[in-house]
Amino acid sequence: MSSPSDDLRLVEIESEQEYVSMLYGRLDDLREQSSKRLAGALRQTGGTHQMRSERDTSVAMYSDQLAQYSAVENGLCFGRLDFHTGDRFYIGRIGLFDEDKEYEPLLMDWRAPAARPFYLATAAAPDGVRRRRHLRTRQRKVVGFDDEVLDINSAEARHSREGLTGEATLLAAVNASRTGQMGDIVATIQAEQDRIIRTDLNGVVVVQGGPGTGKTAVALHRAAYLLYTHRRQLAKRGVLVVGPNSTFLRYIGQVLPSLGETGVLLSTVGELFPGLTATGREPARTAALKGRIEMADVVARAIKDRQEAPSLVEIPFDQDVLRLDRRMISDARGRARRTRRPHNEARRTFQREIISALAAQAVARLGRHLLDQADIDDIRRELREDDAVRAAVERLWPTLTPQRLLEELFASPQRIAKAAPKLSAEERALLVREPGSPWTPADVPLLDEAAELLGEDDTEAKARAERQRRQAVDYAQGVLDILDLEDDADPDILMATDLVDAYRLAERHGAERYETAAERAAADRTWTFGHIIVDEAQELSAMAWRTLMRRCPSKSMTVVGDIAQTGDIAGATSWDQVLSPYVMNRWKLTELTVNYRTPSEIMAVAADVLASVNPELVPPTSVRDSGHAPWSRRVADLAAALPAAVAEESAAIGDGKLAVIVPAARLAQLRAAVPDATDDLDAPVVVLGVVDAKGLEFDSVLVVDPSGILAESPRGASDLYVALTRATQRLGVLHTDDLPPVLSRLTPA
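Per the working numbering, the very first residue in the sequence shown carries number 598; after that it's consecutive.
No lab work stands behind these hints, which were simulated from the structure alone. Treat the hints loosely; a few may be bogus.
[Stated by the list, open to error] Pairwise CB distance ranges (calculated): (1) 1033 with 658: 42 to 48 Å; (2) 1213 with 889: 42 to 48 Å; (3) 924 with 891: 29 to 35 Å; (4) 1213 with 1244: 40 to 46 Å; (5) 772 with 744: 16 to 22 Å; (6) 799 with 1244: 51 to 57 Å; (7) 1015 with 799: 41 to 47 Å; (8) 1252 with 607: 39 to 45 Å; (9) 711 with 774: 30 to 36 Å; (10) 658 with 1279: 28 to 34 Å; (11) 1279 with 945: 51 to 57 Å.
Remember, it's a predicted structure, so these values are computed and weren't measured experimentally. Each residue gets a CB set at the ideal place from its N, CA and C atoms; glycine is no exception.
Throw the hints in and build the complete structure from the sequences for me.
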């Protein structure tokens, strides 16, 4: 038999269900309206340039609206605020309004200022809130709720805990089984997180936080908040989110869409050079060397080295031989360099000066007094079009792509020696590689630097585009001529030629495709963003930071990371080291101190490892216990013992996710030892190296060969710290040798 309180709770759930159903009805109406308007916009064809532009704007707007309405389907409404004034606000992923009642708010967007008490109000500082309700829904059904009474005089409030907002909802979320994709925290944002999320757009905000503090979620919610509050400013330039690897980007890929934002570009540093995805591997020392800021000078020297000035160049021309000595070449080179234009653009000046020098010789030999200006102009034209002259100019000042420059540089120890005189012989040897080798992530900032210094001579591209335009116009004119063949046509009847000329007809039928700001940015190396979010930022090299700063001249950034987890040799040892060269002291450090993910039992083990990294570092405080003691097991053969350990852990977590984290050198061997294991986060069991596990979380983690992880990297203790703190429930360690002393808290199993 149910109690009166249970009956009252059911009545409340039914009442909330009625309201939530109304909200979904409103969402469906909006979706249908946008769908009809999108179909109408797509049916519009032709018209003037302005009409087509307006059509593309409409298509973009309605497409974005449909994407947003679909993305917020789950968990549309998750909270309610009851005020002492009698006002009641429902809080959700987007704002919904009643058009029949002067746009009275039906659902408050979580980013709106009026919704902020949902995250900040406490019994000590209620901000006018009497009750905060957290709604739990499954699809469109209300399945429960949790109330926090903030009236300090009520018995409920006197016995409530301070500190965690929506504690029951929060703990339910962190204890839930992982799904292989990161979920948003919009319903459980805590006060320290909310203050960071709503920090102003301008400047660089550093979010420093240990494992499990939600710094990635905070950064993504901050992106959604900034797009909401600065829509006009950011929609045009876009927001870039940079992650450590493609696995991580797939993991976080659904967070922003679930918050109603679909136009953000997610990328790794290795994907920031359009048309190239850097997936190659190279030794850590080589990657670290390429990441040093000195490599910017190496690239600049490599370009200058290609601007040659040999002692003599002989060029056959018109049954004669013209000669360029070093002084002539150096003078032309000096004039080209003084333009301060990028290499490929300055080449036009160099070519002009070389042609002038050659023309002067040819004129002198023919006799200046026998030639008029038209004759001299003809000689110049012939020189410009002569294959031998072109070959000479190409040799002395070649047209270079970033890829060609670096590939030929790294393939030649001699070129490397000229470009990098300050590097040691051992360091220069690290840069040598075979032509055709795949590009690595560390190459991308160098390619970007080269592209900036080389520039692009678009003379030929413009000429080609003009030829194509002329061909289209000529074709259109032919079509109009065919339609206008009847000379005796009635003059009162409008003909095609009365309505459109060849230029407009060609323009009307040109191929067009609407692209979002994110799509345009992904294809344009010179695109600059309104805001950049950098996750796992401690791993970026100095050259990678140089690339990112170039992408955001306003220096509006959210930088997220944990110096204690730096694993890359080229990574950061302090935020000041990273940011001062670009923004001096104009950056703000914020810290997250509460660990929502990692249970206290696991964090106690990880804290010993953290102390070995730096005794002054303080681990974040865990808010919960799991009841499972982290364990270790010594085995004779890791590959042989791993399948049984995986089966045991998989049975313990049921539908949860298990990660096996191993040294990178043993990844292929140990992945092959586990049946059905992959690196696909949707799979029940994944086997990953530490680098690919950064930023991820799993119900259970098996760390295999911790001594190997420690020995593999100069910052092995940081890598081990990362590996240990990926678990939300259970942690086990398999080893063959004695355990490292920093893991003495593990319980032998």
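Now the hints, each set against the structure:
1. Take residue 1033 and residue 658: their Cβ atoms lie about 46 Å apart, and the range 42 to 48 Å holds.
2. At about 27 Å, the CB distance of residue 1213 to residue 889 disagrees with the hint of 42 to 48 Å.
3. A C-beta distance of roughly 33 Å is found between residue 924 and residue 891, which places it inside the suggested range of 29 to 35 Å.
4. A hinted range of 40 to 46 Å holds for the C-beta pair residue 1213 and residue 1244, which are about 41 Å apart.
5. For residue 772 and residue 744, the hinted distance range of 16 to 22 Å is satisfied, since their beta carbons lie about 20 Å from each other.
6. For the pair residue 799 and residue 1244, the supplied restraint of 51 to 57 Å holds, since their beta-carbon distance comes to about 53 Å.
7. Remark: the range hint 41 to 47 Å for residue 1015 to residue 799 is upheld by a beta-carbon distance near 43 Å.
8. Range check, residue 1252 to residue 607: about 28 Å between beta-carbon atoms, so the 39 to 45 Å window is missed.
9. The hinted window of 30 to 36 Å between residue 711 and residue 774 holds, with their beta carbons roughly 34 Å apart.
10. Distance hint check for residue 658 and residue 1279: the Cβ-Cβ separation is about 33 Å, which falls inside the suggested range of 28 to 34 Å.
11. Taken as a hint, the range 51 to 57 Å holds for the pair residue 1279 and residue 945, whose Cβ atoms sit roughly 53 Å apart.
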